[in-house]
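> Residues per chain, in single letters:
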Amino acid sequence: MSTAFPKAAKVALGMPQLRSNLAHATGTIRGKRAAVAAELDDWEQLRDAASAVKADVQRHLPELLETFERNAIEAGAKVHWARDGAEANRIAARITREAGADEVVKVKSMATQEIELNEHFEAEGLAAWETDLAELIVQLAEDRPSHILVPAIHYNRTEIRDIFKGRMKDAPADLTDDPAALAEAARRHLRRRFLSAKVAVSGANFAIAETGSLVVVESEGNGRMCLTMPETLISIVGVEKLLPSFDDLEVFMQLLPRSSTGERMNPYSSIWTGRAEGDGPKDVHIILLDNGRTDVLADEVGRQALSCIRCSACLNVCPVYERTGGHAYGHVYPGPIGAILAPQLEPGRHDDLPYASSLCGACYEVCPVKINIPEVLVHLRQTGPHGAGEKAAMGAAQAVMARPGLWRAALRAARFFSRPWRRRGYVRRLPFPGSKWTVSRDLGVPPKESFRDWWKEHER
Amino acid sequence: MNAKEEILARIGRALDGTEETVEVPRRYRRSLDEGTDVVELLIDRLVDYKANVHHGLESIEAALGEAKKVVVPADLPAGWRRGGAEYIEDDALATDELDGMDAVLTGCAAAVAVSGTIMLDAGPAQGRRAITLVPDHHVVVVGRDQIVGHLAQALPRLSRTDPQTWISGPSATSDIELQRVEGVHGPRRLDVVIADL
Ligand code: SF4
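Chains A and B, in that order, are what the protein sequence lines are. Quick note on numbering: our numbering labels position 345 of the first sequence as 345, and the sequence is numbered without any gaps. Quick note on numbering: our numbering labels position 130 of the second sequence as 130, and the sequence is numbered without any gaps.
Everything labelled a hint here was simulated from the structure, so no lab data went into it. From a predicted model like this one, the values you see are computed outputs, not experimental measurements. Check each hint, because a few of them may be wrong.
[Claimed, not checked] Taking lysine-lysine and the DSSO-like style, the derived pairs with C-alpha atoms no more than 30 Å apart in a straight line are:
| id | chain 1 | residue 1 | chain 2 | residue 2 |
| --- | --- | --- | --- | --- |
| 1 | A | 282 | A | 32 |
| 2 | B | 4 | A | 282 |
| 3 | B | 50 | A | 32 |
| 4 | B | 68 | B | 50 |
| 5 | B | 69 | B | 50 |
| 6 | A | 198 | A | 282 |
| 7 | A | 198 | B | 50 |
| 8 | A | 282 | B | 69 |
| 9 | A | 198 | B | 4 |
| 10 | A | 78 | B | 4 |
| 11 | A | 78 | A | 282 |
[As the list claims (entries may be wrong)] Each pair of labels, with its calculated beta carbon distance range:
| id | chain 1 | residue 1 | chain 2 | residue 2 | range |
| --- | --- | --- | --- | --- | --- |
| 12 | A | 100 | B | 65 | 38 to 44 Å |
| 13 | B | 37 | A | 28 | 17 to 23 Å |
| 14 | B | 37 | A | 70 | 29 to 35 Å |
| 15 | B | 83 | A | 277 | 30 to 36 Å |
| 16 | A | 277 | B | 61 | 30 to 36 Å |
| 17 | A | 301 | B | 23 | 18 to 24 Å |
| 18 | B | 83 | A | 165 | 50 to 56 Å |
Ideal Cβ positions, reconstructed from N, Cα and C, are used throughout, including at glycine.
With the hints as extra help, turn the sequences into a complete structure.
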């Protein structure tokens, strides 16, 4: 089985700047999320509804996809289907060339990261420019995103200033590390590109079957620029992104911004349906992407991962993510959602990720669509390839998880028993049979206070 | 098999034996508590987003501030074109011309108080999306009776299949150390004029 995560995690643990940037950022956003979620006295009812809508979508996916396609085509969009990333990339590159362009502007999109569209375009002699500030930072630094929502979360302002000064040709010579100055530099850098781009590539947060509409949620206005100014728009949308009806937005557009950026609403949301006469792109394409999603759907426990709306709340509460950062996961989806989605999307390549968790359950408690991440983790540990020690340890974990009281007691016990083996807060080795489990990963991490207690305390 | 047929066939196989329908419990709110002052709530939220709030059509001039060239949708009511600014009607202006505008003045379709969200749906007095995007300053007139408390009350007021933009404060980013900075690519200044229409 793959041991990439433990190795990468060890590297990350040795990078104090990274860990302090991450701890600061995740701590801030946890607080904001908790405050705006607590403002709504029907938060739990919203989560129940969202969870059920998504489960129902999965049951009715064929009809909903066909309805979406029909309505989008009727509204003037061209709909394409892609079995995998390579097919989606080929279609997007072909449309770009047919539009007479050799470059595209991009709105931040997890789907296009997943299929490595930028790399594919480069190989075909096309350029793909990221326009989201964080994505721009990461692209300039020739790095990889480390967080779903804040891909440059591992950089602080001084590091970002240095990246701009070193890599951005038109960066002002006297650029400071004031976030406002950095944002201004990005605005100037991208403005011409927005106003002259012929083709844009986007993802979508939601695809509405009833109307054939797509929804993109963002903050900076780079999304609006990409969705409005170019002649040609290509949106790459995972088949699981469907919502049955426009009115479902009354649920999801409350949950998503509050869970994600911790705001009551994100600054900008764009909703469009095919082409609109005299308003926005004239050539509108939608690529419906499978790329492993139908395999996930086939697993009755694992399929709940397809309900994910990519809010990133689970990353921000995860003690493992906070200590290792996103890169350690080795996949575009890091954190708890990555630990259940990556091994299902790419079977055999991320088998260690389901172990990158202390099963504390904080991810499940914050997830706006109520994905039972610990349940899926345990399920994947049992069905994936693994050694006997892991199987034994995880079998026991699942048994206690069924009874929360016992689980909490077990966490406390693990904490107690791991004390002599604790070094700088990390469990390096447990006595047998736990040793089989910790030998390949330092991150068994029952923290001093159980993470559940810790999280309850810090949630405020 | 083409890609569509194959993906649908894969889904069919994946779902084999799964029960048909999941009941969606819709026990969440669709309105705020009775008696909530939605205008006050909207103002509170807008101020929180660092938008400027003005009262009455007569405040449009102040809301426009220093702006000299103001783009407007062709169907903007004549009574809104106040003060000494030059009002330029958008008749498919080129992008560079739009980029030369100091401000844009429009109406909206609805506003949601609890989240401070102003919704545009390409309806009357709103124009196409580019005009509220390229100029750096957006002045938007919100009628008192366009303000609702809750998102669920606003959705039925929107023209669903026309291009929509939901705006909650000026353009912002939190990408640098999660510190919110107003103003990246969208209008960096948002002025909201609340009026009886
Ligand atoms: S799994 Fe849930 S909490 Fe995590 S990103 Fe997805 S929707 Fe958000």
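> Would you mind marking each hint as holding or not holding in the structure?
Outcome of the hint check:
1. A/282 <-> A/32: Not OK: residue 282 of chain A and residue 32 of chain A at ~39 Å, beyond 30 Å, violated.
2. B/4 <-> A/282: 24 Å, holds
3. B/50 <-> A/32: Roughly 17 Å between the alpha carbons, so the hint for residue 50 of chain B and residue 32 of chain A holds.
4. B/68 <-> B/50: 23 Å, holds
5. B/69 <-> B/50: Holds - the C-alpha atoms of residue 50 of chain B and residue 69 of chain B are around 23 Å apart, at most 30 Å.
6. A/198 <-> A/282: Holds, at roughly 11 Å.
7. A/198 <-> B/50: 33 Å, violated
8. A/282 <-> B/69: 28 Å, holds
9. A/198 <-> B/4: Between residue 198 of chain A and residue 4 of chain B the Cα gap is close to 28 Å, so the pair holds against 30 Å.
10. A/78 <-> B/4: OK: residue 78 of chain A and residue 4 of chain B at ~13 Å, within 30 Å.
11. A/78 <-> A/282: Roughly 11 Å between the alpha carbons, so the hint for residue 78 of chain A and residue 282 of chain A holds.
12. A/100 <-> B/65: 38 to 44 Å: 41 Å, holds
13. B/37 <-> A/28: 17 to 23 Å: 31 Å, violated
14. B/37 <-> A/70: 29 to 35 Å: About 44 Å separates the Cβ atoms of residue 37 of chain B and residue 70 of chain A, which means 29 to 35 Å is violated.
15. B/83 <-> A/277: 30 to 36 Å: 32 Å, holds
16. A/277 <-> B/61: 30 to 36 Å: 33 Å, holds
17. A/301 <-> B/23: 18 to 24 Å: 20 Å, holds
18. B/83 <-> A/165: 50 to 56 Å: 42 Å, violated
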